[in-house]
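Engineer: Listed here are the chains, written in short residue letters.
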Amino acid sequence: MSRTARLVLFFAALLVAVPLGILGLIGLPSFGHHVSTYGDVVDAMGTDLRHVTNMVALVTFDVRGFDTLGEEFILFSAVTGVTMLLRGDRGEGTSADPVRIPHRRREGRSEAVTGTARWLGPMTLLFGIYVTLHGQLTPGGGFQGGSIIAAATLLIYLGEGYPAWRKIVRSVLLDLSEAAGVGIYLVAGLVPLLAGATYLENILPLGEVGSLLSGGLIPILNAGVALAVAGGFCSIAIEFLEETREPNEDET
Amino acid sequence: MNLIPVAVIVPLLAAALLLALEKVLPKRLADGFALLVAIFVAGLCLVISLETLDQPEAYWFGGWRIQNGVVLGIAFVADPVGAGVAAFAAILFSGTFLFAWGFFGDTGTRFHVLMLVLLAAMVGFCLTGDLFSFFVFFELMSVTAFALTAYKLESASLEGALSFTVVNTIGSFLMLAGIGLLYGRTDALNLAAIGGALDGHQADALVAMALVLILAALLIKAAAAPFHFWLADAHAVAPTPVSVIFSGIMVSIALFGAARLIWTAFAPLDQVAPAFRDLLLYLGTFSSLLGGLACLIQRHVKRLLAFSTISHVGIMLVGLAALTAPGLAGMLIYLVGHGLVKGALFMGAGILMAECQDIDEIRLRGRAKHLPLTGLTFAAGALLLAGLPLGAIHEGHHLISAAVEAQHPWIPLALALGSALTGGAVLRATGRIFLGLGPASNGEAEGPGKPEHETPGRPVWLMLIPILSFFAVACLAQGPAVTDTVLDLAQGFADHDAYGQLVLEGGSGAREPSSEGHAAPEAPSSPILPWVSVLLALLVAGLQLLRERLPAPLVWLSSLVLRPVFQGLDRLHNGRIGDYAAWLAIGLALLGGAFVLP
Amino acid sequence: MSVLPYLIAGWLFVIGLYGVVSSRNYMHLIGCLTVIQSSTYVLLLAIGYHEGRPAPIFSDHPSGPAVDPVVQALVLTDVVVGAAVSALLLTLVLQLKKRRGTLDPDELSPERD
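Same order as they appear, the protein sequences are chains A, B and C.
Just so we're aligned, residue 0 is where the first sequence starts under numbering that gives the first Met the number 0, counting upward by one.
Just so we're aligned, residue 0 is where the second sequence starts under numbering that gives the first Met the number 0, counting upward by one.
Just so we're aligned, residue 0 is where the third sequence starts under numbering that gives the first Met the number 0, counting upward by one.
No incorrect hints appear here.
Here are the simulated DSSO-like cross-link-like pairs (lysine-lysine), alpha carbons at most 30 Å apart as the crow flies:
no., chain 1, residue 1, chain 2, residue 2
1, B, K449, B, K151
2, A, K166, B, K22
3, B, K22, C, K97
4, B, K449, C, K96
5, C, K97, B, K151
If you're looking for bench data, these hints aren't it; they were derived computationally from the structure.
Can you make the complete structure from the sequences, with help from the hints?
Structural biologist: Next comes the structure, spelled out in structure tokens:
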């Protein structure tokens with residue numbers, strides 16, 4: 000099919016689909032005036048029932064916690080898939096630099112970059128842990144915290160260079176972190192099951208509202224997700240960078 | 000301890016373990032471990048299915064149920080049909096793991112990890128009673144499948160995986176948008192709650208749009224025309240064990256998901272839009288014919304089988320679109336029969352790739368004479384696909400035809416023709432590859448440029464075990480006992496009110512034994528139709544193989560008529576993502592348009 | 000009565016799909032898929048919004064009526080799905096580029112054209 004024919008086909012479809020779509024969309028409740036009974040019940044009872052202040056985290060990790068397990072495995076499968084599809088004959092070698100463009104002169108790393116990264120890296124890591132731990136209280140949680148932690152390790156790459164980064168952040172550790180993360184989620188659900196409750200039921204002590212240890216199971220699940228996300232995102236970054244790295248002479 | 004969550008958790012846990020232990024596990028252990036897990040899951044799902052025979056069971060995750068009249072938590076609703084389909088998926092996985100023994104040497108355990116997650120996703124997809132977790136498992140299925148498709152990293156497999164990924168991801172977003180619309184209307188994600196909120200209302204534009212979006216996503220996955228283009232590209236290039244799962248269950252499970260939604264959330268569908276129902280019937284019939292015709296011009300054996308899957312899923316779609324319990328029962332029996340036979344045929348193709356180091360029908364001509372048993376299974380599979388009155392495929396086909404023939408007497412004929420074409424194409428391939436019949440070329444579309452092969456040196460007898468057992472089950476699963484049981488189960492599955500009661504009111508959900516008996520299928524549309532279909536398949540295969548010996552005018556005439564058709568088909572399935580997306584838009588417009596028709 | 004945000008979601012969907020249909024570069028095509036995905040974010044969040052209500056996070060304001068937390072949780076899942084699919088797609092495109100040397104979806108391998 001030529002490109003013109005394809006576009007004609009597409010616009011012919013739009014001619015029918017767009018009016019129908021508009022008709023459907025204007026059937027929604029007026030914007031800004033939708034009272035969702037589901038959301039309202041959660042908002043009204045959440046703090047009393049689970050001693051948490053972040054209702055989104057309550058929905059994600061407790062009320063609809065099983066969805067989040069599936070969601071974690073979506074990420075897990077994607078990372079497993081990426082590492083499987085970018086397999087090649089590469090070792091753990093770390094000497095060369097990735098992302099090199101031929102014929103471009105290589106600038107040395109400026110001290111300002113190294114200095115900033117050294118200062119910023121630990122701060123970012125700390126911030127990531129903070130966001131994870133406060134998931135049940137303030138905006139954030141394992142997904143957000145985990146991505147920030149992964150970003151913190153990338154700052155090592157920025158400041159210290161690729162070899163140093165690879166020495167500190169080992170692929171094996173990342174795989175373990177990912178598996179442990181999803182494992183924590185799975186097992187944290189199983190424990191209540193063995194105790195006679197249902198899967199993922201929040202039967203732990205709930206703690207004080209507003210304290211770091213409130214919410215029972217929720218902080219544990221958050222920590223598991225953070226581990227899995229941090230490990231997964233780092234793995235993806237390493238795999239893509241490795242793909243651009245010229246193999247060393249000793250790894251064939 | 001309740002078994003329902005365990006069926007999903009165990010394969011996930013096994014996947015996490017395999018990933019963590021990748022570096023330390025001995026090589027073959029992963030094969031055996033994955034096989035054991037799949038068998039365990041199959042057993043578990045069978046037990047759940049048997050336990051819920053009289054009374055489906057709702058399982059509320061996290062103990063969240065209904066508060067202030069609002070369904071809060073996620074419920075799994077285990078019923079014999081859902082658990083049965085999950086068990087069937089796990090059985091296919093068991094056979095596949097056995098077949099794939101020693102297949103994946105160089106990637107550690109990644110293949111097993113992804114396959115186990117795929118299995119868990121299918122089990123969850125079958126059991127869930129919540130629309131959003133339905134989406135999550137649907138997407139989990141897709142993501143693992145995307146990665147598995149590209150495993151070989153040849154450019155054809157990468158292209159196939161890309162069109163698969165892009166088209167199916169658009170489908171996921173369609174489904175998500177549909178879920179959002181339904182949530183905006185009903186404030187609910189639980190299927191029974193949505194059904195309760197929509198019950199008794201005329202479907203307006205919003206509900207119609209939500210239904211179209213969600214159904215389109217499922218039809219994309221089920222590869223119904225005009226959403227089917229990605230399938231042949233992906234199934235042909237995936238590693239054979241993965242193709243077995245894709246063609247055997249992943250397409251048809253989407254239709255099962257559609258059935259679940261239609262009879263829980265969208266129960267009054269048939270009163271809403273007869274034109275919509277008819278459109279689904281036509282799309283199914285059209286897919287069946289299109290897939291069958293496209294089969295005839297393939298020389299890449301796996302691509303041929305992939306097109307035949309499109310054809311047979313079309314038949315299943317017809318069963319679903321009948322929107323009656325007998326039609327559904329036919330679809331379910333067909334799903335099992337087709338999954339077993341097509342899975343076994345793909346495994347046969349896998350043996351060819353391992354033993355003969357090629358998958359191109361023309362180049363393989365006569366080169367597989369040393370594999371008589373594989374050849375026999377190919378021939379048997381072809382005849383079963385063509386509609387030989389034996390086994391589950393025939394049983395299902397018969398129920399489906401009976402369900403639609405009163406209103407559309409021509410559809411059973413078209414479906415028989417579609418089966419005959421795919422069966423004929425497979426027979427032709429069998430004759431050429433295993434007997435060396437036919438000319439060296441037939442004017443089929445171009446085959447693969449270079450020989451494709453898969454891990455050689457695996458024991459053929461080991462690969463034949465799952466093939467032969469699949470055939471045995473597919474042939475034995477027939478007779479009035481099977482039909483009656485499945486009819487009964489399908490009737491329970493289609494009981495919208497009992498489902499709602501079970502989930503929302505904690506009612507027993509027990510089915511009253513239907514006193515009036517189920518609408519037993521009428522006398523077969525025509526008892527000779529299957530035989531005609533088989534004869535036609537033999538004729539198609541014979542004509543294609545003996546082309547050179549036919550009188551010249553006949554050949555000239557047939558090529559005059561058929562060549563433009565075949566060339567057009569070939570040009571349509573060109574692997575271009577842009578074209579596929581444009582067809583997707585056409586499909587959406589068709590589905591939407593059918594709703595506004597009176 | 001306002002439906003503008005919903006229509007914007009619809010618009011994003013349509014232009015994203017147009018991009019996929021007409022794309023001449025896989026990287027661009029992945030971007031277009033992301034646009035389609037954004038439309039689902041806009042749709043879901045718009046459905047959950049309620050004028051004048053605060054965020055459903057009661058750490059600095061007393062609990063009470065707030066906007067819908069459920070759709071926000073759904074969008075979180077959606078974001079993860081998007082990240083997962085993008086990573087896979089980029090991998091596929093990278094490998095294809097290595098083998099074929101082109102990023103044009105319309106340029107197919109010799110055996111297919």
